[in-house]
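Since the structure of chain A is provided, determine the placement of chain B on it from the hints.
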Amino acid sequence: MNLALVTGVHPATAEAGLGDLRPEVMAKAQSLGLSLVRTDQREGYTALTFTHSETGTLPGRPPRTLIVREFLDSGGRSFAVAWRGSLHPDLSLLLGELSGHLPPVNRSPTRHRLFFQDGRLVISVVGTSLFQSGAAWDKTRLPQGVSPARIRIAP
Amino acid sequence: MTGTRIGGMALLFFSLISLSGCGGGSSSSSPTPVCTGTTPPGLSPLTANTMPVYQSTCAGAVNSPSVTLTICVPSSSTCEDVPNILLDYGSTGLRLSHTLSISGELPQEQVSGQGLFECYQFVSGYNFGPVVTAQISLGTTQLSQPVPVQISNSSLQAPSSCTQGGTVSSAPFQPYYNGILGVLFPRYDYLSGIYYEGNGYSPVNMTSSNEYLEVQNPVYLLASNNNGVLLSGLPAVSTSDGAFTVTGTLTFGIPSGNYTTLETNSSTTTNTCESYGSLCATYNNTSGLTALFDTGSNGFFIDNSSLPQCTGNLSGFFCGNASNQSATLTGATGPSGSYTLNFSIVSAQTLLATGNNDFSTLGGNAPGAFDAGFPAFLLGYPIGIRWDAPCNTNGAGCFLIGQ
Chain A
5 MNLALVTGVH PATAEAGLGD LRPEVMAKAQ SLGLSLVRTD QREGYTALTF
55 THSETGTLPG RPPRTLIVRE FLDSGGRSFA VAWRGSLHPD LSLLLGELSG
105 HLPPVNRSPT RHRLFFQDGR LVISVVGTSL FQSGAAWDKT RLPQGVSPAR
155 IRIAP
Chain B
366 MTGTRIGGMA LLFFSLISLS GCGGGSSSSS PTPVCTGTTP PGLSPLTANT
416 MPVYQSTCAG AVNSPSVTLT ICVPSSSTCE DVPNILLDYG STGLRLSHTL
466 SISGELPQEQ VSGQGLFECY QFVSGYNFGP VVTAQISLGT TQLSQPVPVQ
516 ISNSSLQAPS SCTQGGTVSS APFQPYYNGI LGVLFPRYDY LSGIYYEGNG
566 YSPVNMTSSN EYLEVQNPVY LLASNNNGVL LSGLPAVSTS DGAFTVTGTL
616 TFGIPSGNYT TLETNSSTTT NTCESYGSLC ATYNNTSGLT ALFDTGSNGF
666 FIDNSSLPQC TGNLSGFFCG NASNQSATLT GATGPSGSYT LNFSIVSAQT
716 LLATGNNDFS TLGGNAPGAF DAGFPAFLLG YPIGIRWDAP CNTNGAGCFL
766 IGQ
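Heads up: the sequence lines are chains A and B, in that order. Residues in the first sequence are numbered consecutively from 5, following this note's numbering. Residues in the second sequence are numbered consecutively from 366, following this note's numbering.
No lab work stands behind these hints, which were simulated from the structure alone. Check the hints yourself; a few may be wrong.
Unchecked claim - One side of the interface only, derived from the structure: several residues of chain A facing chain B at Cβ under 8 Å: (1) R115; (2) T132; (3) F135; (4) S151.
From the three backbone atoms N, C-alpha and C, an ideal C-beta is built for every residue, glycine too.
Next up, chain A with everything else stripped away, as it sits in the complex (with noise of 0.2 Å):
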């Protein structure tokens, strides 16, 4: 069980995220405790697919998943990543330094989704107390050709 990836249990690596080349991106899922399950090559880019169980706290408890999907340019260079599940992940390591963009206070009353966007990061995120879908990318490193339409856990 890796807590690390529940925002507000352990303190994040704030250098980690978008941006990071591929052995990066493999170390810190490695460090998180995701399991690489799938690799899927696309025109324009590769798509790294991660995923994480843990099991319930209490008997009767469901077990709390996430699934990280991390997007790389023909570079290796990580650009976009979705992810989707139980476990709310640790903005500040699936973005990196683009976590600075977000402002601290969200002023939009809409409690089940999370959207901004600037001139480089875009993220949106919808989802309930159970579970959470999201997509960020850096607006400036979109490969050409690739649709932010691809940014997304399903295949």
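Structure of chain B alone, referenced to chain A:
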């Protein structure tokens, strides 16, 4: 209708994230604006297992189904009728704003002689505050025991373990809600709650011996009519301009009827479209979308990057039109069938210009997801959540769609 029309406040509502100079949880020197809307007149009376649901009368609270609850200090006659509590299919438990008078009267729960606090993670960010107990009624039925309630207090500095990891702070409840009534399964809110004790905010390990202290869905505490909820009676509003307000009925316990039943995922599987508590959807020629029904989402947040998107204060919403949209929602194993949801999208700019508050065609782009938010409840069909057999595999439940 006693509420304030949206007008300029809508800009605040739709500004999904605005930059703030304040740190998470820090206090502001200016007075906090609060919701001054009251319970609208003419609602249907409470019954033993029903209560009216109405469009929020808080300024700017578009597509916000709300209820009024009587909140009492346990074992006392000190009570307050609290209107404009958001009815939320997407969270678990009752949470109240610290700005309410009654919030300061409710006794804080204790662990080892120290007060209990909670950091609750919504998708939008965290809410922090003490956990208290309150005596409440659902319909005319008073619960037989006080229920744990979180007081969301944005003036408290949350512990670092709540705020770290790139997490943003959710907006204060005010001025948009006085509280949130989360009626989603399972009973306890452990999947999104982190608990602390004392002013030093030491983490509390919740075990089987103290889980009763956790914030929980109060419907589970009813002696009967406690197997789910059904939101019915809402009208099918105009797709082009919505309605100024709507009313409906929340029923505790699932009435007999003809429903399409979609069971949510309950397994450890991580390679399908489903997460725990979610459905699957196919929409716009894309399958494998994670899907949900949620009264607490003010739009259809769906995977459609081809529609024009708004900028500025409406950023995050569609500013284009799409009629005759269709999505197929399916559940996991068990009693699940499938349901075809037909809907349309109208530009948020067009809808807001009407001055109305309830829209079945408001939406925004959400890669990988199909969030059938409150607009789906304005299509004329009752939608419920059920968590008893045969829906309760591993603590999960079903969504029900009626005729």
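- prompt: Okay, which hints does this one fail, numbers in order?
  reply: Violated hints: none at all, because every hint is consistent with the structure.
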